[in-house]
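First to last, the protein sequences are chains A and B.
Note that UniProt numbering numbers the first sequence so that position 289 is 289, with each residue one more than the last.
Note that UniProt numbering numbers the second sequence so that position 110 is 110, with each residue one more than the last.
Hints in this document: simulated from the structure, not taken from any laboratory.
Everything numeric in this text was worked out from a predicted model, so none of it was measured.
Beta carbons: idealized from backbone N, C-alpha and C, even for Gly.
It cannot be assumed that every hint is accurate.
Unchecked claim - Simulated pairs of lysine-lysine, DSS-like, Cα-Cα distance not exceeding 25 Å: (1) Lys169(B) with Lys189(A); (2) Lys114(A) with Lys84(A); (3) Lys18(A) with Lys66(B); (4) Lys7(B) with Lys92(B); (5) Lys110(B) with Lys338(A); (6) Lys92(B) with Lys18(A); (7) Lys66(B) with Lys189(A); (8) Lys92(B) with Lys4(A); (9) Lys338(A) with Lys71(B); (10) Lys71(B) with Lys4(A); (11) Lys338(A) with Lys7(B); (12) Lys208(B) with Lys169(B); (13) Lys66(B) with Lys47(B); (14) Lys47(B) with Lys341(A); (15) Lys4(A) with Lys128(B); (16) Lys18(A) with Lys138(B); (17) Lys341(A) with Lys110(B); (18) Lys66(B) with Lys341(A); (19) Lys66(B) with Lys338(A); (20) Lys93(A) with Lys121(A); (21) Lys4(A) with Lys110(B); (22) Lys4(A) with Lys7(B).
Said to hold, decoys possible - Which chain A residues stay away from chain B? Per the calculated CB distances, all over 12 Å, these: (23) Ile14; (24) Phe15; (25) Val26; (26) Val108; (27) Leu182; (28) Asn253; (29) Leu334.
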Amino acid sequence: MRIKALVIRILRQIFRDKRTMALLIVAPILVLTMLHLVFNGDDYVPKVGLVQVPELIESQLDLSHAEVTTYEQLKDAEEDLSAKELDGYLLFKDQKVSIFLEGSDPSVNGATMKWFEGALKPLQPNEQATIPDVNFLHGSSDMRQFDYFGPVLLGFFVFFFVFLIAGVSFLRERTTGTLERLLSSPLRKSEIVLGYVIGFGIFTTIQATIIAAYAIYVLGMIMEGSFIYVLLITLLLSLTALTLGILLSAFANNELQMIQFIPIVIVPQIFFSGLFNLETISEWLNWIGVLTPLYYAAEALRDVMVRGYGLEDIYINLLVLFGFSCFFMILNILALRKYRKI
Amino acid sequence: MALVSIKDVSKAFGTQQVLVNINLDIFKGEIFGLLGPSGAGKTTLVKQLVGLDLPTSGENYLFQQKVPSLKLIERVGYMAQSDALYGELSAKENLEFFASLYGLTGRKRKERMDTVMRVVELTEHMNKLISNYSGGMKRRLSLAIALLHEPELLILDEPTVGIDPVLRKSIWDAFYELKKEGTTIIVTTHVMDEAEKCDRLGMIRDGKLIAVGTPEELKAQSNSSNIEEAFLVYGGVKREN
Chain A
1 MRIKALVIRI LRQIFRDKRT MALLIVAPIL VLTMLHLVFN GDDYVPKVGL
51 VQVPELIESQ LDLSHAEVTT YEQLKDAEED LSAKELDGYL LFKDQKVSIF
101 LEGSDPSVNG ATMKWFEGAL KPLQPNEQAT IPDVNFLHGS SDMRQFDYFG
151 PVLLGFFVFF FVFLIAGVSF LRERTTGTLE RLLSSPLRKS EIVLGYVIGF
201 GIFTTIQATI IAAYAIYVLG MIMEGSFIYV LLITLLLSLT ALTLGILLSA
251 FANNELQMIQ FIPIVIVPQI FFSGLFNLET ISEWLNWIGV LTPLYYAAEA
301 LRDVMVRGYG LEDIYINLLV LFGFSCFFMI LNILALRKYR KI
Chain B
1 MALVSIKDVS KAFGTQQVLV NINLDIFKGE IFGLLGPSGA GKTTLVKQLV
51 GLDLPTSGEN YLFQQKVPSL KLIERVGYMA QSDALYGELS AKENLEFFAS
101 LYGLTGRKRK ERMDTVMRVV ELTEHMNKLI SNYSGGMKRR LSLAIALLHE
151 PELLILDEPT VGIDPVLRKS IWDAFYELKK EGTTIIVTTH VMDEAEKCDR
201 LGMIRDGKLI AVGTPEELKA QSNSSNIEEA FLVYGGVKRE N
């Protein structure tokens, strides 16, 4: 009953504050759209050179989707390559094929390599020796960078905004004195924390549904698994964000100090969430990843969205997220002892 | 039997001594004023009675039971110095929320909400958002919320700050009404003329209770013509004339 009153009040406050509600829903959509546009711009058209390629062979190459220049002299091609006129060139020498890349931009390298593979295919219908076929375990050659980052970003934005809004609203409860009023009523400390969890839980379910649906159905983010699992993961993630936000708000005296937690608590999580390759992170920093909630959520989201896995593969990650929430909730109840001992 | 019993209560925040050995009994049905300048320790003392703070040494009793206890909380209405309202919500929504915390529902809740809003003369502003309320209106709504669950003991921290004299009088009339119904009221104030309206007064200075009695007793004993002078005498300041 008392929890219900608290839940209704929180939802009323959120829906009354149109701007904050817009921030929670529109901001992630906006940023995801921008990232979608940045990462999925038109396919890069590589500039390639063919050096001393016999005409018979050249006629068999698939030369579409690239700016192709033919060179008689290796020296000219070398010059153009160093002047960045070329992204790479193909050299036929002594019956051997070699590829030379400009090499400064990894994404251009990838595009160029891919083009060469395609171009050389007609030459080697039977043998696979020179350049092996590339196989994709998950996704396909159509899979875009955004598809790989997408699930992590989805989790990140849910975490980020819920953390901030929940933290600030609890902070306000403290600074305006309403927390004191709540604690001078028969409301129990656990009921306060549960009321917040349920109230914001309901709202974040709506929020996560809208954002995930937009990312998947409008932006066409890869989605191999079940939408329900995506919702389940984001809900559990937002609960950790919520409970952590409320907990840290106890250590902030105003909204600005709440913002100051972003570079300390939020940003480091990005580095360990799988947006960057974790295997390349220095070993002495490795242990941080397993302490960050986003790490587990990103893993689970990628399992569902990219790899199409089901509950049996993600339940451990879900349990860890739930564990984080419970842990933070208990700490929250303990932190409220500062205001009322019983 | 005393309704409120403060026994040897001291409180220190770190090395700063805020309350020093306070002993005080407050009886059923009286309006008791805690008078003192800001920083004297009034708020700390009333917070302890509600259970929001604990004494470093000594004990507080309400209705002969030791504070803090969740059972006692339901019998007390507390209005803090800050208005403690939700600005995004209307007065009605604020009242509904706090009433529900005390288990009031349905018709009973509606009835109580209407009654308390009448007491503070805000009935016509029931559906207004708090962010559109003036300072004085917020203060009155805050008082209304403290009255919602018909508490036996009402603890009000500076209830009439920022309220004009006409309204202040009507609020004090409301206090006398509540007193008639048997409610005990503890009011903190730093306004000397307001202190005259209390049945009994406790003067607090630098965390010490320097005098207790009816306004007339205090004035007579200190040979003063008003409460302000009396306060100076008990506070150890020499009379100028």
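Quick rundown of the hints versus the structure:
Using a Cα cut-off of 25 Å, the hinted pair lysine 169(B) and lysine 189(A) is violated, with the two alpha carbons roughly 37 Å apart. Annotation: proposed proximity of lysine 114(A) to lysine 84(A) holds, straight-line Cα distance about 19 Å (limit 25 Å). About 46 Å separates the Cα atoms of lysine 18(A) and lysine 66(B), which puts this hinted pair outside 25 Å; it is violated. At roughly 40 Å between alpha-carbon atoms, lysine 7(B) and lysine 92(B) are farther apart than 25 Å, so this suggested pair is violated.
With a C-alpha separation of about 34 Å, the suggested pair lysine 110(B) and lysine 338(A) falls outside the 25 Å cut-off, and the hint is violated. Simply put, lysine 92(B) and lysine 18(A) have alpha-carbon atoms about 20 Å apart, close enough for the 25 Å limit, and the pair holds. With a C-alpha separation of about 20 Å, the suggested pair lysine 66(B) and lysine 189(A) falls inside the 25 Å cut-off, and the hint holds. Restraint check for lysine 92(B) and lysine 4(A): the C-alpha separation of about 17 Å stays at or below 25 Å, so the hint holds.
Simply put, lysine 338(A) and lysine 71(B) have alpha-carbon atoms about 20 Å apart, close enough for the 25 Å limit, and the pair holds. Proposed proximity of lysine 71(B) and lysine 4(A) is supported: the alpha carbons are some 21 Å apart, at most 25 Å. At roughly 23 Å between alpha-carbon atoms, lysine 338(A) and lysine 7(B) fall within 25 Å of each other, so this suggested pair holds. The suggested pairing of lysine 208(B) with lysine 169(B) is violated, with an alpha-carbon distance near 30 Å, which exceeds 25 Å.
Straight-line distance between C-alpha atoms of lysine 66(B) and lysine 47(B) comes to about 14 Å, which keeps the hinted pair within the 25 Å bound. At roughly 12 Å between alpha-carbon atoms, lysine 47(B) and lysine 341(A) fall within 25 Å of each other, so this suggested pair holds. Using a Cα cut-off of 25 Å, the hinted pair lysine 4(A) and lysine 128(B) holds, with the two alpha carbons roughly 23 Å apart. Taking the CA atoms of lysine 18(A) and lysine 138(B), the gap is near 23 Å; set against the 25 Å cutoff, the hint holds.
At most 25 Å may separate the alpha-carbon atoms for a hinted pair to count; lysine 341(A) and lysine 110(B) exceed this at roughly 32 Å. Among the hinted pairs, lysine 66(B) with lysine 341(A) is consistent with the structure: their alpha-carbon atoms are about 13 Å apart, no more than 25 Å. The straight-line distance between the Cα atoms of lysine 66(B) and lysine 338(A) is roughly 19 Å, inside the 25 Å bound, and the hint therefore holds. For the proposed pair lysine 93(A) and lysine 121(A), the alpha carbon gap of about 18 Å is at most 25 Å, so the pair holds.
Our distance criterion of 25 Å between C-alpha atoms is met by lysine 4(A) and lysine 110(B), whose separation comes to about 18 Å. Annotation: proposed proximity of lysine 4(A) to lysine 7(B) is violated, straight-line Cα distance about 39 Å (limit 25 Å). The beta carbon of isoleucine 14(A) is not kept farther than 12 Å from every beta carbon of chain B, the shortest such distance being approximately 9 Å. Distance check on phenylalanine 15(A): its Cβ comes as close as 9 Å (rounded) to a Cβ of chain B, failing to clear the 12 Å threshold; non-interface status is violated.
With a minimum CB-CB distance of about 19 Å to chain B, valine 26(A) clears the 12 Å threshold, and the non-interface call stands. In this structure valine 108(A) is separated from chain B by more than 12 Å, as the shortest Cβ-Cβ distance comes to about 51 Å. At roughly 7 Å, the least C-beta separation between leucine 182(A) and chain B is not larger than 12 Å, which violates its mark as non-interface. The claim that asparagine 253(A) lies off the interface holds: its Cβ sits roughly 15 Å from the closest Cβ of chain B, which is beyond the 12 Å cut-off.
Annotated as non-interface, leucine 334(A) keeps its C-beta farther than 12 Å from every C-beta of chain B; the closest such distance is 16 Å.
In this structure, the earlier hints numbered 1, 3, 4, 5, 12, 17, 22, 23, 24, 27 are contradicted, and the remaining ones agree with it.
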